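Q: As you go down the protein sequences, you meet chains A, B and C in turn.
The first sequence begins at 218 in my numbering and counts up by one.
The second sequence begins at 218 in my numbering and counts up by one.
The third sequence begins at 218 in my numbering and counts up by one.
Hints should not be assumed to be uniformly reliable.
Identical copies carry no separate label here, and so any pair may be met within one copy or between two of them.
[Stated by the list, open to error] Here are the simulated lysine to aspartate or glutamate pairs, DMTMM-like style, with alpha carbons at most 20 Å apart:
{"id": "1", "residue 1": "Lys387", "residue 2": "Asp237"}
{"id": "2", "residue 1": "Lys230", "residue 2": "Glu389"}
{"id": "3", "residue 1": "Lys423", "residue 2": "Asp480"}
{"id": "4", "residue 1": "Lys528", "residue 2": "Asp255"}
{"id": "5", "residue 1": "Lys387", "residue 2": "Glu227"}
{"id": "6", "residue 1": "Lys423", "residue 2": "Glu413"}
{"id": "7", "residue 1": "Lys528", "residue 2": "Glu253"}
{"id": "8", "residue 1": "Lys230", "residue 2": "Glu385"}
{"id": "9", "residue 1": "Lys387", "residue 2": "Asp272"}
{"id": "10", "residue 1": "Lys528", "residue 2": "Asp249"}
{"id": "11", "residue 1": "Lys387", "residue 2": "Glu413"}
{"id": "12", "residue 1": "Lys230", "residue 2": "Asp518"}
{"id": "13", "residue 1": "Lys230", "residue 2": "Asp272"}
{"id": "14", "residue 1": "Lys387", "residue 2": "Asp402"}
{"id": "15", "residue 1": "Lys423", "residue 2": "Glu453"}
{"id": "16", "residue 1": "Lys387", "residue 2": "Glu426"}
{"id": "17", "residue 1": "Lys230", "residue 2": "Glu426"}
{"id": "18", "residue 1": "Lys423", "residue 2": "Glu482"}
{"id": "19", "residue 1": "Lys423", "residue 2": "Asp451"}
Rather than coming from a laboratory, the hints here were simulated on the basis of the structure.
Please read these numbers as outputs of a predicted model, since none were measured by experiment.
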Amino acid sequence: YGRFGLDYNEANKNVIGRSDTNITSRLRLQFDMSTETDAGVVFNARVRMQSENRDGNPGRSAPGGDNGFNGARFGVSYGGLTVNVGNIIGAIENAPGLYTTTISTGTGIDGMDFHSLPIKGMNGVGWYWDSYDSDGMGANGIEALYTFSGFTGHVSYSRNNGGTVAGEAKGEARTAIMLTYSFSDYYVTAAYQSSENGPTRVINGKTVETTDGITFAAVGADFGQFGAKLAYGDTEEASSWTLEGNMDIGAASNVVLWVNSTDSEVSTDAADGTAYGINYQYDLGGGATLVAGYVDTAANDSQFQAGVYFKF
Amino acid sequence: YGRFGLDYNEANKNVIGRSDTNITSRLRLQFDMSTETDAGVVFNARVRMQSENRDGNPGRSAPGGDNGFNGARFGVSYGGLTVNVGNIIGAIENAPGLYTTTISTGTGIDGMDFHSLPIKGMNGVGWYWDSYDSDGMGANGIEALYTFSGFTGHVSYSRNNGGTVAGEAKGEARTAIMLTYSFSDYYVTAAYQSSENGPTRVINGKTVETTDGITFAAVGADFGQFGAKLAYGDTEEASSWTLEGNMDIGAASNVVLWVNSTDSEVSTDAADGTAYGINYQYDLGGGATLVAGYVDTAANDSQFQAGVYFKF
Amino acid sequence: YGRFGLDYNEANKNVIGRSDTNITSRLRLQFDMSTETDAGVVFNARVRMQSENRDGNPGRSAPGGDNGFNGARFGVSYGGLTVNVGNIIGAIENAPGLYTTTISTGTGIDGMDFHSLPIKGMNGVGWYWDSYDSDGMGANGIEALYTFSGFTGHVSYSRNNGGTVAGEAKGEARTAIMLTYSFSDYYVTAAYQSSENGPTRVINGKTVETTDGITFAAVGADFGQFGAKLAYGDTEEASSWTLEGNMDIGAASNVVLWVNSTDSEVSTDAADGTAYGINYQYDLGGGATLVAGYVDTAANDSQFQAGVYFKF
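Start from the sequences, fold in the hints, and give me the full structure.
A: Spelled out as structure tokens, the structure:
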């Protein structure tokens, strides 16, 4: 898909040599491949090319100066069971209610730093959990997903090289689990990640592991024209609540409102406090959607974006 | 498209460890995507992958060792009006008569350093104006094109991060305009670029901005079998004239002759003086074209190329 | 195609921070383009994108952090004659019997370091000859292939920039030739590469050119259900024999057994001695193949891989 628009971000007022108003754009090409054996087992692979421009930097996602492909994900499916290796989805990432029900899965054109997410680290969302990386190599992981009736279970594991022992990979290793149950128009979900050898940070004189012990839980409902969710996330650095509501207006419009309240271990943390946002979408037809979003962050910086998404 | 051939370049005689005869090749894949809304507005995006080999360096266009995609251009069109953002075309680049009417838009297989262009800096063509970059990120720009009857107007603007002021992008900013009027078999065109915070150079004790105040004008005609143009370009470093004529010979052949005269501010400049070139094309059918070109540069180095272009 | 599986490699026990059991995977996209002139000459080009994960490093083939395209190969064919430029195949690489008759052209999922190849340098196969590079830029070469009746001839030449002489490319230059004759179910082949300005190594007090004077010869047979080959390779560093046999079992299975005996100039060389391997393939239908391989190297490290290949 393609998307582009204008971004006004008050936080850029503090960055030397960067304007507060910039073009934000992304072009993403996705290549999905699959084949099915005679016994009904499906093998598949996915790879993406992404070209992004943000904050006045057109080569944002192009290390070395060229836009390339991300790390591939390989999967095998049989019935309700799927096993993926490589650039995996991640159990926490896959939890319903983590992202907003908007086209950018955040606010505005490019998500606007995803202040709506309730899993917060110092200075905001740090993506401390394993997640599919559309631009880089992603996790070196393996995961299993099982769906049966309204129940979905998801276990993921990733590991990095490292450490000082020959023959053992003692870099960061992450294990995560997600369970979801859906019934009629409602869902409840919970997810947890534990991590070994991960990054640490000293907070109030105590050393914490930033990617260890991440908890997420959410309840949500979708009645067609209306929807709402309440989500909670907890890390070693902050606990956070997000309440979201969305409503269709007429045949082509949708409005999403959310408010996030974060209690950081450090009171001077920019993520500590209350943030809220509003997202408006209007379907232009032919796969094109007009999107506008406004966010007031916990640090009281305002940000506004308006632009267009289109599928092809 | 693909193209490959042999390149003999006398100027390489002065480069240590490089032969005067090399393979020159390029493979370019272009991905164009578009969608149309119910109201008739068209959104589109373009991205290119390019693999090049020149002067004995097969990884020429592959920073980091892999050939990737360039920066994307996004556009929206309605009627005769088009607005693009990202890796824009550029107003001067879009002026008719700037490039030659050959398949390489220069001479030979790879343009042979485009000595035919009348916008010259020190040591030759420096591409001081915004132009679509098939290999890198291109300009971080926005442009508007309007076509009505025989008239075409084009305004482009690009800006880079930089400077020492928080909240403002004080890197180089370029504004350019191009106007063209076509009537029966003739066209006249003029284009101008002004630049702020651009690169500077000291010439004859005076500091000039190399990308500021670029003027281009051309008149041309195309009578089918015959064609001709006269083009003039002026920069802070040099003024330059190019006269070009082209003729179809029989059903499949075409010959282009051009002569360029450049008056540089510095008489020892390699671009100062007269250069001329000849380009021969023969249509092989099936989208393949045989191309041969010869250039004698202002520094009296001769260069010869012969090879093949093919579309697929 | 895509492929992924698990790799157990005893040799990784000696590498700090790396596990002996890893995911091995590769996703490869190939773009082939061609066009034919009215006179029957065919022009073509090939480029590949490859994303690989080995030994716990998901970004293995991604210099700069993004997976890009390799260097392009361009070709022109007329009748039995083909001329390629760019990222060429290479005359030795093209010799039948050099690789094994398995889906990975080696053992297991990713070839397992190709211990089966009889052209050995210090520490194993060093790919001292020109060969098509699926990930990098490959050789800066030109080659001619001619096929007539059961006879195939192949001459390749590549050259790199370098040296201290202006106007001459005095980097490494390689010339190689391969001749093959096939009759009924048998083939005989011989190939040779000579090199100038190539890398050198001091062995037993003598300086040798590692990529110069490479000889390869093989005889093979394929009777449908059974096949066998005997291959010999000689470099300045080692001489080596490989005997291979393969057999179809039932409708969907195939087993390949090989043994390699290498006599290195240095007796402490890890490649010196006898290695053997076994590869099992089972056709799952729909373009998917189950592959398992076991190798015992000359240094007595064992390695095991099992996984899946699939075409799409």
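Q: First find the shortest C-alpha distance between Lys423 and Asp480 inside one copy, then the shortest across copies, and answer within, between, both or neither for a cut-off of 20 Å.
A: Cα proximity of Lys423 and Asp480: one copy only (17 Å, versus 60 Å across).
Q: Between the shortest in-copy and the shortest cross-copy C-alpha distance, which are at most 20 Å for Lys387 and Asp272: within, between, both, or neither?
A: between (36 Å within a copy, 13 Å between copies)
Q: Classify it for me, Lys230 with Glu385: is the Cα-Cα distance of at most 20 Å met within a copy, between copies, both or neither?
A: This pair counts as between: shortest inter-copy Cα distance 7 Å, intra-copy 47 Å.
Q: Under a CA distance limit of 20 Å, which applies to Lys387 and Glu413: within one copy, between copies, both, or neither?
A: within (9 Å within a copy, 44 Å between copies)
Q: Up to 20 Å between alpha-carbons, please classify Lys423 paired with Asp451: within, between, both or neither.
A: within (17 Å within a copy, 63 Å between copies)
Q: At most 20 Å between alpha carbons: which applies to Lys528 and Asp255, within, between, both or neither?
A: between (34 Å within a copy, 14 Å between copies)
Q: Up to 20 Å between alpha-carbons, please classify Lys230 paired with Glu389: within, between, both or neither.
A: between (36 Å within a copy, 19 Å between copies)
Q: Please work out whether the CA atoms of Lys387 and Glu426 approach to 20 Å or closer within one copy, between two copies, in both situations, or in neither?
A: Within one copy, since 15 Å is at most 20 Å while 40 Å is not.
Q: Which holds for Lys528 with Asp249 at a C-alpha limit of 20 Å: within a copy, between copies, both or neither?
A: both (16 Å within a copy, 12 Å between copies)
Q: At most 20 Å between alpha carbons: which applies to Lys230 and Asp272, within, between, both or neither?
A: within (11 Å within a copy, 44 Å between copies)
Q: Can you tell me if Lys230 and Glu426 fall within 20 Å by alpha carbon in one copy, between copies, both or neither?
A: neither (32 Å within a copy, 28 Å between copies)
Q: Is it within, between, both or neither when you check Lys423 against Glu482 at 20 Å Cα-Cα?
A: within (11 Å within a copy, 59 Å between copies)
Violated hints, listed in ascending order, are 14 and 17; each of the other numbered hints is respected by the structure.
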